[in-house]
Amino acid sequence: MNKVNATLKRVRELARPDRVFDFMVPQESPVDTRHGPILYLEDVSVSFDGFKAINNLNLTIDDGELRCIIGPNGAGKTTMMDIITGKTRPDSGQAWFGSRHNLLSLSEPEIARLGIGRKFQKPTVFEALSVFENLELAMAGDKRVWATFTARLNSESRGRIDEVLDTIGLAQEYRRPAGVLSHGQKQWLEIGMLLMQRPRLLLVDEPVAGMTEQEMQRTAELLTRLAGQQSVVVVEHDMGFVRSIARTVTVLHQGSVLAEGSMDEVSNDPKVVEVYLGAPQEEMA
Amino acid sequence: MMQDVQTTSLFKERSTLLVLGALLVVTVAVTLANLLPQGHPLYVSTFTVSLLGKYLCYALLAVALDLVWGYLGILSLGHGAFFALGGYAMGMYLMRQIGARGVYGNPELPDFMVFLNWHELPWYWHGFSSFPFAMAMVLLVPGALAFVFGWLAFRSRVSGVYFSIITQALTYALMLAFYRNEMGFGGNNGLTDFKEILGADVWAEDTRRTMFIASSVALAAGYLICRAITRSRLGRLCVAVRDSEARTRFIGYRVEHVKLAVFVVSAMLAGVAGALYVPQVGIINPDQFSPLFSIELVVWVALGGRATLYGAIIGALVVNYLKTVFTGVMPEAWLFALGGLFVLVTVALPKGIAGLLRFRQGQARTAASRQEAKA
Numbered sequence: 001m002n003k004v005n006a007t008l009k010r011v012r013e014l015a016r017p018d019r020v021f022d023f024m025v026p027q028e029s030p031v032d033t034r035h036g037p038i039l040y041l042e043d044v045s046v047s048f049d050g051f052k053a054i055n056n057l058n059l060t061i062d063d064g065e066l067r068c069i070i071g072p073n074g075a076g077k078t079t080m081m082d083i084i085t086g087k088t089r090p091d092s093g094q095a096w097f098g099s100r101h102n103l104l105s106l107s108e109p110e111i112a113r114l115g116i117g118r119k120f121q122k123p124t125v126f127e128a129l130s131v132f133e134n135l136e137l138a139m140a141g142d143k144r145v146w147a148t149f150t151a152r153l154n155s156e157s158r159g160r161i162d163e164v165l166d167t168i169g170l171a172q173e174y175r176r177p178a179g180v181l182s183h184g185q186k187q188w189l190e191i192g193m194l195l196m197q198r199p200r201l202l203l204v205d206e207p208v209a210g211m212t213e214q215e216m217q218r219t220a221e222l223l224t225r226l227a228g229q230q231s232v233v234v235v236e237h238d239m240g241f242v243r244s245i246a247r248t249v250t251v252l253h254q255g256s257v258l259a260e261g262s263m264d265e266v267s268n269d270p271k272v273v274e275v276y277l278g279a280p281q282e283e284m285a
Numbered sequence: 001m002m003q004d005v006q007t008t009s010l011f012k013e014r015s016t017l018l019v020l021g022a023l024l025v026v027t028v029a030v031t032l033a034n035l036l037p038q039g040h041p042l043y044v045s046t047f048t049v050s051l052l053g054k055y056l057c058y059a060l061l062a063v064a065l066d067l068v069w070g071y072l073g074i075l076s077l078g079h080g081a082f083f084a085l086g087g088y089a090m091g092m093y094l095m096r097q098i099g100a101r102g103v104y105g106n107p108e109l110p111d112f113m114v115f116l117n118w119h120e121l122p123w124y125w126h127g128f129s130s131f132p133f134a135m136a137m138v139l140l141v142p143g144a145l146a147f148v149f150g151w152l153a154f155r156s157r158v159s160g161v162y163f164s165i166i167t168q169a170l171t172y173a174l175m176l177a178f179y180r181n182e183m184g185f186g187g188n189n190g191l192t193d194f195k196e197i198l199g200a201d202v203w204a205e206d207t208r209r210t211m212f213i214a215s216s217v218a219l220a221a222g223y224l225i226c227r228a229i230t231r232s233r234l235g236r237l238c239v240a241v242r243d244s245e246a247r248t249r250f251i252g253y254r255v256e257h258v259k260l261a262v263f264v265v266s267a268m269l270a271g272v273a274g275a276l277y278v279p280q281v282g283i284i285n286p287d288q289f290s291p292l293f294s295i296e297l298v299v300w301v302a303l304g305g306r307a308t309l310y311g312a313i314i315g316a317l318v319v320n321y322l323k324t325v326f327t328g329v330m331p332e333a334w335l336f337a338l339g340g341l342f343v344l345v346t347v348a349l350p351k352g353i354a355g356l357l358r359f360r361q362g363q364a365r366t367a368a369s370r371q372e373a374k375a
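Residue numbers (this note's numbering), protein chains in the order written: chain A, 1 to 285; chain B, 1 to 375.
To be clear, the hints were calculated from the coordinates, so they are not data collected in a lab.
No experiment lies behind these values; they were computed from the predicted model shown.
Glycine is no exception: its CB is placed at the ideal position from the N, C-alpha and C atoms.
Take the hints with a grain of salt, since some may be wrong.
[Said to hold, decoys possible] Simulated coverage check for chain B against chain A, where a stretch passes if three residues somewhere in it have a Cβ under 8 Å from a Cβ of chain A:
{"no.": "1", "region": "112-125"}
{"no.": "2", "region": "340-351"}
[Unchecked claim] Derived contacts from chain A toward chain B, CB cut-off under 7 Å, selection only:
{"no.": "3", "residue": "48"}
{"no.": "4", "residue": "124"}
{"no.": "5", "residue": "127"}
{"no.": "6", "residue": "128"}
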């Protein structure tokens, strides 16, 4: 009798109307960040032909954080981005987006739709289209052929585009073809295109390469402003730029985290000085 | 601040109004001039009416090509195949209308089948005595070919010059196939000797005028369809695909679906152009599949100016008018003239004739925006 009751209890527990099985939860469900981190990498390793590009990497990014990642060439920065966006699969380890979405079981477009936006080093915008149209195309929404044909700009999406135009500082240029923008403006426009998709996490690869001093300053302002609404991870070589925006810096070296902390802490760390910050000076000498 | 971004309706757009207006004026003027008594100084002969009708069909074909080439960046060197298939569908209907009036007087079989000692109609000729069925085939056959061909090509991400080459191969293969008597499409003679269309004598002046007007209406409708696509968000998406396919995929669009949909629409428009062309010319034969024709068609669009639609119309009309003049005066020089034109356009007018028009418009716009900036 006890056994029957126990079984019944278990069945009732299974069939509770106020709950859904985990596998029934739609993958598009909101990212769960109640436990803090939005991105969580644990013991991730990947090797290419025996070369360990990523070696037991542990990294946690909090919701709304702005994190800078630095490291010498070959430290695994780009590979790490590839793993987060689903382009490369690690040999071992775990990668979670929020506490619900296992990044290792999702495809690239699925990850993009969940809200991880990635900006590549070289700016690619649609040169023949105006700034406004670039943002319009990038807007989140139904992207099938017929829906695109019948799509009309409603005031809500127009407002969203205006908002992003203001954020990236191109409100004056909205009618100009993207092809005539300066290098820096193209980079901002591309960040704007990512923002149109309402990402939760932005991965930005070397945003200030080739920028003038002024453009760099504006980019720093832009990225600082973005943090808070979404989490931003910046990979950058330019130490001056990193110093100007960083709250927390992670130093990668040979595929794993060498040091983490504020810019001052990190730059005074002897290990870091040895592998990275010291290196250029030695080269110079 | 943003009132200028796609708020005017299609029918209030200046370029659209100009195209439709010009077409209307030409159509009405030519029709009325044809109705004048012969010998009147303004009289336009029925031959000229049909010639103009032919040009209009070519213009529709050019618009269809411009949609995929100018906006989507797919250079199809086989668009003549879709045109010819539409033409053959119409030709089959016209053959079935001949009935027992053929040379051999066979009520069941077209002349060429009697000549080849065939005893019954091949299965794929059934249904073509019905006009609605034939018209459906005019759309469906080119559309289906474009769908299958495009699906295979775009899914495997065949693009650029490779795509151009296989489209060229497609039209060449079809030409060879249609040359064969066993195919049942009249071999190298094609389909000809038409008598009636919808009960009216194909060669009567009334019918010729009607077909001319129908071509004009079809061109207007085709232009409107293409313009509706290019000015929608889908049109901007096409330009995005043209300029950076990978990036478009990255922001979440299924590029191969976009290409396929637009390619199929374009092939259907080409089929309609072919169907209107055949009764006005009076013949359809495998030469229409020749790779040269498809290349010539590309020259029309390049000369008129890509990615404008109206440029394609201008290009088709100008080149074909010149062709008529040249082949009348000195036929041997025409190919040189065509080649020369192409070189001239590539070197001096990379944006074609439409580029000249736009340049003036652009200057006006720059001046206006400068004033706006000052204010």
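Structure-based check of each hint:
1. Coverage of a stretch by a chain is defined here by at least three residues with a beta carbon nearer than 8 Å to that chain's beta carbons; for the region 112-125 of chain B and chain A the count is 0, and the condition is violated.
2. With 0 residues having a Cβ less than 8 Å from any Cβ of chain A, the region 340-351 of chain B misses the three-residue criterion, and the hint is violated.
3. Against a cut-off of 7 Å between C-beta atoms, the interface hint on residue 48/A is violated, since the closest Cβ of chain B lies about 22 Å away.
4. Look at residue 124/A: its Cβ gets to within about 5 Å of chain B, closer than 7 Å, so that hint holds up.
5. Interface restraint check: residue 127/A against chain B, minimum CB-CB distance 6 Å, threshold 7 Å, status holds.
6. The criterion of a C-beta within 7 Å of any C-beta in chain B is met by residue 128/A, whose closest approach is roughly 5 Å, and the hint holds.
Violation of the numbered hints given earlier is confined to hints 1, 2, 3; the remaining hints are satisfied by the structure.
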